[in-house]
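Asks: Each residue of the sequence shown is one higher than the one before, counting from 1 in the UniProt record's numbering.
Derived from the structure by calculation, the hints contain no laboratory data. Note that the structure is predicted; figures quoted are calculated from it, not measured. Take the hints with a grain of salt, since some may be wrong.
[Said to hold, decoys possible] Below, in silico cross-link-like pairs of lysine to aspartate or glutamate (DMTMM-like), each with a Cα-Cα straight-line distance of 25 Å or less:
id: 1; residue 1: Lys-82; residue 2: Asp-93
id: 2; residue 1: Lys-40; residue 2: Asp-71
id: 3; residue 1: Lys-28; residue 2: Asp-41
id: 4; residue 1: Lys-98; residue 2: Glu-117
id: 5; residue 1: Lys-10; residue 2: Glu-26
id: 6; residue 1: Lys-40; residue 2: Glu-59
id: 7; residue 1: Lys-38; residue 2: Glu-67
id: 8; residue 1: Lys-118; residue 2: Asp-101
id: 9; residue 1: Lys-40; residue 2: Asp-7
id: 10; residue 1: Lys-118; residue 2: Asp-93
id: 11; residue 1: Lys-22; residue 2: Glu-45
id: 12; residue 1: Lys-121; residue 2: Asp-71
id: 13; residue 1: Lys-121; residue 2: Glu-110
id: 14; residue 1: Lys-53; residue 2: Glu-63
id: 15; residue 1: Lys-82; residue 2: Glu-26
id: 16; residue 1: Lys-44; residue 2: Glu-59
id: 17; residue 1: Lys-22; residue 2: Asp-7
id: 18; residue 1: Lys-121; residue 2: Glu-67
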Amino acid sequence: MLRYDWDVLKREFLTGSYKSLKEFAEAKGVHYGTLRNKAKDWLKERQQITQEKNQAILEKTLERQIEEAVDYNAWHVRVWDKFLQLVWAALHDEKTIKTKDGKYNVYVLERLANVMEKVQKGQRLALGLDENKEDHSEQLLGRIREIVAALWEDDQEDNDKEVGYC
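Sequences are here, hints too, so could you generate the full structure?
Replies: Here's what the structure looks like:
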């Protein structure tokens, strides 16, 4: 009578891609009846291992997708930060924000405020923050708009005085 290393055979069956015990018995040269008696729970065990393997694959896939999404969002935040740096630099450049006669260029300030608003929305989206929540930055942006409007009015009044309307 042949002696089989049942532990090795079980491991091969559980990790192999055999469709049935009969196919495995034929591939290994083991009498099917003997194998069937010895391997009563192997099919259930292989099914359990397959489910665990599929679950692990799913979890790893989800982890990688999450990492990719995080990397993508981090990239977006860096891009929006660069835009914000450009706005900041423009706000501190006298040539950009003032006219030749030394007055604030309201058009440029308004455009910078619009860019800043878009940057803020982009950053909030990239960070996954609720865009419906009004926060301090939104209020600050409103204040900047009020300042631009006030500067615009002051500039118009100065122009009216120069022309002689007042």
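Asks: Hint by hint, say whether it matches the structure.
Replies: Comparing the hints with the structure gives:
1. Lys-82 <-> Asp-93: 17 Å, holds
2. Lys-40 <-> Asp-71: 48 Å, violated
3. Lys-28 <-> Asp-41: 18 Å, holds
4. Lys-98 <-> Glu-117: 21 Å, holds
5. Lys-10 <-> Glu-26: 14 Å, holds
6. Lys-40 <-> Glu-59: This hinted pair is violated, its Cα atoms lying about 31 Å apart.
7. Lys-38 <-> Glu-67: 45 Å, violated
8. Lys-118 <-> Asp-101: Between Lys-118 and Asp-101 the Cα gap is close to 30 Å, so the pair fails against 25 Å, i.e. violated.
9. Lys-40 <-> Asp-7: Answer holds: Lys-40 to Asp-7 is near 14 Å, not above 25 Å.
10. Lys-118 <-> Asp-93: 21 Å, holds
11. Lys-22 <-> Glu-45: Roughly 16 Å separates the two Cα atoms, so the pair holds.
12. Lys-121 <-> Asp-71: 19 Å, holds
13. Lys-121 <-> Glu-110: 17 Å, holds
14. Lys-53 <-> Glu-63: 15 Å, holds
15. Lys-82 <-> Glu-26: 66 Å, violated
16. Lys-44 <-> Glu-59: 23 Å, holds
17. Lys-22 <-> Asp-7: Holds - the C-alpha atoms of Asp-7 and Lys-22 are around 18 Å apart, at most 25 Å.
18. Lys-121 <-> Glu-67: 23 Å, holds
Going through the hint list in order, the structure does not satisfy hints 2, 6, 7, 8, 15.
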